[in-house]
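Undergrad: So you can see what is in the structure, the chains are spelled out below.
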Amino acid sequence: AQSVTQLGSHVSVSEGALVLLRCNYSSSVPPYLFWYVQYPNQGLQLLLKYTTGATLVKGINGFEAEFKKSETSFHLTKPSAHMSDAAEYFCAVSPRGATNKLIFGTGTLLAVQP
Amino acid sequence: EPEVTQTPSHQVTQMGQEVILRCVPISNHLYFYWYRQILGQKVEFLVSFYNNEISEKSEIFDDQFSVERPDGSNFTLKIRSTKLEDSAMYFCASSEVGTGGPTGELFFGEGSRLTVL
Chain Y
1 AQSVTQLGSH VSVSEGALVL LRCNYSSSVP PYLFWYVQYP NQGLQLLLKY TTGATLVKGI
61 NGFEAEFKKS ETSFHLTKPS AHMSDAAEYF CAVSPRGATN KLIFGTGTLL AVQP
Chain G
1001 EPEVTQTPSH QVTQMGQEVI LRCVPISNHL YFYWYRQILG QKVEFLVSFY NNEISEKSEI
1061 FDDQFSVERP DGSNFTLKIR STKLEDSAMY FCASSEVGTG GPTGELFFGE GSRLTVL
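Residue numbers (the working numbering), protein chains in the order written: chain Y, 1 to 114; chain G, 1001 to 1117.
Just so you know, the hints here were simulated from the structure itself, not pulled from any lab data. Just so you know, not all the hints are guaranteed correct.
To be verified - Calculated pairs, BS3-like style, for lysine-lysine (alpha carbon to alpha carbon, straight line, at most 25 Å): (1) G:K1078 with G:K1057; (2) G:K1042 with Y:K68; (3) G:K1042 with Y:K49; (4) Y:K49 with G:K1057; (5) Y:K58 with Y:K69.
In this text the structure is predicted, and so the values were computed from the model without any measurement.
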């Protein structure tokens, strides 16, 4: 069965600092990979996704993630944090060739300090 | 920009009561989903729906849950007899069908918070 592990339930960075949110997956076949963001009192919004092709994917708001098959990872990064990035971030996987069922990680709450 | 809309945004109910949560998916989408997030926990898949029938469901989605697409625009989740542990944020999502099958990208609504007392 596929699963997703997000290391660090809470991450705090200073404004302007690098953001690194970690995600590892467990699957016999590399799945589709996603990062979603949830701002307070809002729904889940897709940040970026990897399905095929280039392993470094760029998303909205300056975020990017790199699929590393050898490490079964899909870490999310942003070079310079902004106060508006404070939110909860969810990594998710979806089996290839199946339905769109998403399996979510437990989420990482990102705090940005001034 | 098209979006998934959900009503109500918050519902408080007594244990044992029936609850219906409503969703209007994006109009050209054909796959519909319900997920839930218990406070402090991860988002969990409940059910997916395609071509007027359930295509997949989780073990959480037991006999007290049902889904329906009563008309061409709404997608509902019914909980027949609510329990305290049903208190959660319920998210509706939809996706379009891509070439060769689902595209894998879900669009989520803002959620309906259910509180069972």
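Undergrad: Could you run down the list of hints and mark each one as holding or not?
TA: Now for the hints, and whether the structure bears them out:
Straight-line distance between C-alpha atoms of K1078 (chain G) and K1057 (chain G) comes to about 14 Å, which keeps the hinted pair within the 25 Å bound. Proposed proximity of K1042 (chain G) and K68 (chain Y) is supported: the alpha carbons are some 24 Å apart, at most 25 Å. Taking the CA atoms of K1042 (chain G) and K49 (chain Y), the gap is near 19 Å; set against the 25 Å cutoff, the hint holds. Straight-line distance between C-alpha atoms of K49 (chain Y) and K1057 (chain G) comes to about 24 Å, which keeps the hinted pair within the 25 Å bound.
Our distance criterion of 25 Å between C-alpha atoms is met by K58 (chain Y) and K69 (chain Y), whose separation comes to about 18 Å.
This entry satisfies every hint, going by the numbered hints stated previously.
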